[in-house]
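Peer 1: Here the protein sequences come in this chain order: A and B.
Under the numbering used here, the letters of the first sequence match residues 1 to 386, in that order.
Under the numbering used here, the letters of the second sequence match residues 1 to 451, in that order.
Incorrect hints may have been included.
[To be verified] Partial pick of chain B residues on the chain A-facing surface, computed with a CB cut under 7 Å: (1) LEU134; (2) ALA220; (3) PHE224; (4) THR232; (5) ALA247; (6) PRO249.
[Stated by the list, open to error] If you want the ones that stay clear, here's a sample from chain A, every Cβ over 12 Å from chain B, calculated: (7) GLU83; (8) ALA267; (9) SER346.
[Claimed, not checked] Simulated DEER-style distance windows between Cβ atoms: (10) A:GLN338 with B:GLY141: 43 to 53 Å; (11) A:ASP61 with B:GLY141: 44 to 54 Å; (12) B:LYS434 with A:ASP64: 49 to 59 Å; (13) A:ASP320 with B:LEU299: 44 to 54 Å; (14) A:GLY197 with B:GLY435: 49 to 59 Å; (15) A:GLU361 with B:LEU299: 46 to 56 Å.
Simulated from the structure, these hints should not be mistaken for lab results.
C-beta atoms are modelled at their ideal positions from N, C-alpha and C, and glycine is treated no differently.
Chain by chain, the residues:
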Amino acid sequence: MNLRSALPWAAITASTLALSACVANTADAAGSIAVSSSDDACEVSTTETASGTVSFSVTNDGTDVTEFYLLAADGLRIISEVENIGPGLTRDLVVQIGPGDYYTACKPGMVGEGIQAPFTVTDSGADLGPTGERGDLLDQASTDYEAYVRDQVSILVAKTVEFVSAYTAGDDDAARSIYADARVHWERIEPVAEAFGDLDPSMDLREADLAVGEEWTGWHHMEKNLWPPAEGYALTEAERTALGDRLVADTTELAARVNAEDFSVEAFQIGNGAKELLDEVASGKITGEEEIWSGTDLWDFQANLDGALVAFEVLRPAADLTDPALGEEIDGRFAALQSLLSDHGSIEDGFSSYDELSDAEVIELARLVDALGESLSRLTATAVSA
Amino acid sequence: MTTSDEQPTPTAASASTLAAESASGDEARPGVSRRALLGGAGVAAGAAALAGSGGFALGQRTASPLQHRLYDFHGAHQSGIVTPQQDRLHFAAFDVTTDDRDSLIALLRRWSVAAATLMAGSELGGGAAGGSQLAPPDDTGEALDLPASGLTITFGFGPGLFESDGKDRFGLRASRPTQLIDLPHFSGDTLDQAFTGGDLCVQACADDPQVAVHAIRNLARIAFGDAAVKWTQLGFGRTSSTTRAQATPRNFMGFKDGTRNLKAEDADLVDRWVWSANADGQSWMNGGTYLVARRIRILAEIWDRTSLGEQEALVGRTKGSGAPLSGGSEFTEPDFTRAGSDGSRLVAADSHVAIAHPDHNGGAMMMRRGYNFTDGADALGRLDAGLFFLAFMRDPATQFVPLQQKMSRSDAMTVEYLRTTGSAVFAVPPGVPKGTALGPDGGFIGQTLFA
């Protein structure tokens, strides 16, 4: 039974307790600790609270952007934080904390140690839940996902070199046959590549995305050259070589960055990445806009789905701590979409061209994409329990 | 237009306005401002909670008194049927995409909670601007700061819910009411499959278009994975009055429409012609009704080139006051026998009034609740506009079909100037009784069907 769905579950669980909920809410309101962060002060409405779920309502009464931290007894380790609070704005920080000594800190201007004050949490006896376990699971998720990204990028480098060799040698048939297969490894990790703001436009810009006067480089320029429109569209050998060399250089740079010591993908980035991959499918692939010349949109579709599935799987153990039903729902929706997509081919054996899909088939796919995307949009918050 | 604006004056004295409205559960209450109700109290206890704070926001905003109207979700009948007709509509037909009965029931439960919350003018779930920074907000937010605006949300079940491609998907085949028919082809129908049919429908009416669109948008979002939008229609002006207090509006042909519509105050007639009862064969529909939806395009440019005299002759009424051509004022009964100086009848036998008048149709009436619509221009630059005909009735086969057959054959106005481009029929189940708790195990719209 599919008991879970998009939005109203919070409302529904609360609604069965309608009357008591009013009471609980009053207590909640009283329990929210007001923080006023000004340019030279950090006023916290109380210096002591009971352990459990504690919520701070942080208002920036200053003139510069501020941050608010809950720090451990050493005044250094960050328990939780809320960043980027613009002047006049209020942001909530909700944190589960056990009894002990802490510090609160506002950091107007986001520099220095901030304005710290001691904060005491007494023992309420409340069960704090598996905070430590979740932390370990999220760390593991990051480790696993980073390894996946590195693996995909290494294959991407090899296949890109193979593709560019064929392309610059003028072997168009070979280049066409490698094109979609090589791009699979890009599309699987696209949100990570997008995070490097300079590489994505250089490698993956579509003609429609070009600004006036902008140089068009990357995969799609070569795509248009390999699957030319009815009216002739040709590039010189020098132009081809320049495009190919640039793509290899960009891909090599991407590999260097994801293998760098400081490369890391936080849990929330993994979850948001999964959602973004589905957004990519919903906005680009299901409309046939991504591969307008080659018609290889379904390869990209499958690759986006693959990448989103990996992101989901690494986060699922942490998400299950909060809400196992969400994991089951996402699992079921991945399976339904994969099953339908498999009717149109596979990466190994090739997919139908986008042009061969009927309107009804596109609608059928789009509906399952929307259903999965809606569920995935809740994965991040559920996994990190924020 | 399609069916008559002609409904007989009730013979029996009707119940007082107040009594009729109480019976329908559709009395309006002064609204409160939109805000997340504490803990979602708007759902089960919402009516009581809101009544207590009635008038909270009156005078604080620039919204008109109409926009502060607030209707109960709970009641013997669903809202949005005999409710005084609001000015704006967003209507959506859905395909059910799940084959699992429990998932369908869960969807109807989520929709019921959401409808009650939206009608109370509250934000869904954790609200539009609250909740986790890492999760999308539960409510899309465009109705923030807007009052409830008289929002009603009405749900219907299409034939596909009972049987689809010969399959009894949800074990409901035996419960399909005989009144839920597949409409026959009517002469002149040029149906676009993009505006035809649907397994479920949601009619959202409000006095603010943003509130109505917000409702459909959020209900569609709640449905992802279980049901998907098949088609939608926006309506920007009512073409009927459903209570006596409302003035008769004009349709896109420029004529007053729905002069003789069934009115909520005529409780006896409403019982007779709108609400399904034991005698109708499917007791789960008791207190429910049937909805016929038709997207009727007006060939506006051609109509506009027609002389005033011909327009009035085709309708059988004057364009200005809406009086029948046989004389009197808007509410005067037409005299179909009165002849002019040349001996021909003042109200022609093939005029819309004559064809559609209840006296010429076995007395049949229905609760019309249509809207003017426009979807911009077509490829030829012509206005794609007309009437989105909505009518609630107890039995489409006897109340709608014969009349429509007659009109599409003989009504000169319909034949020459109207094209029906979309069509659907839905069973509209009864309301969720007052006092019923909503939620994952609670009551929901259509609960009698799944009992």
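Peer 1: Now tell me, hint by hint, if it's right for this structure.
Peer 2: Status of each hint after checking the structure:
no.	hint	verdict
1	LEU134	holds (4 Å)
2	ALA220	violated (9 Å)
3	PHE224	holds (4 Å)
4	THR232	violated (15 Å)
5	ALA247	violated (38 Å)
6	PRO249	violated (35 Å)
7	GLU83	violated (10 Å)
8	ALA267	violated (10 Å)
9	SER346	holds (24 Å)
10	A:GLN338 with B:GLY141: 43 to 53 Å	violated (33 Å)
11	A:ASP61 with B:GLY141: 44 to 54 Å	violated (25 Å)
12	B:LYS434 with A:ASP64: 49 to 59 Å	holds (54 Å)
13	A:ASP320 with B:LEU299: 44 to 54 Å	violated (59 Å)
14	A:GLY197 with B:GLY435: 49 to 59 Å	holds (57 Å)
15	A:GLU361 with B:LEU299: 46 to 56 Å	violated (35 Å)
The earlier numbered hints that this structure contradicts are 2, 4, 5, 6, 7, 8, 10, 11, 13, 15.
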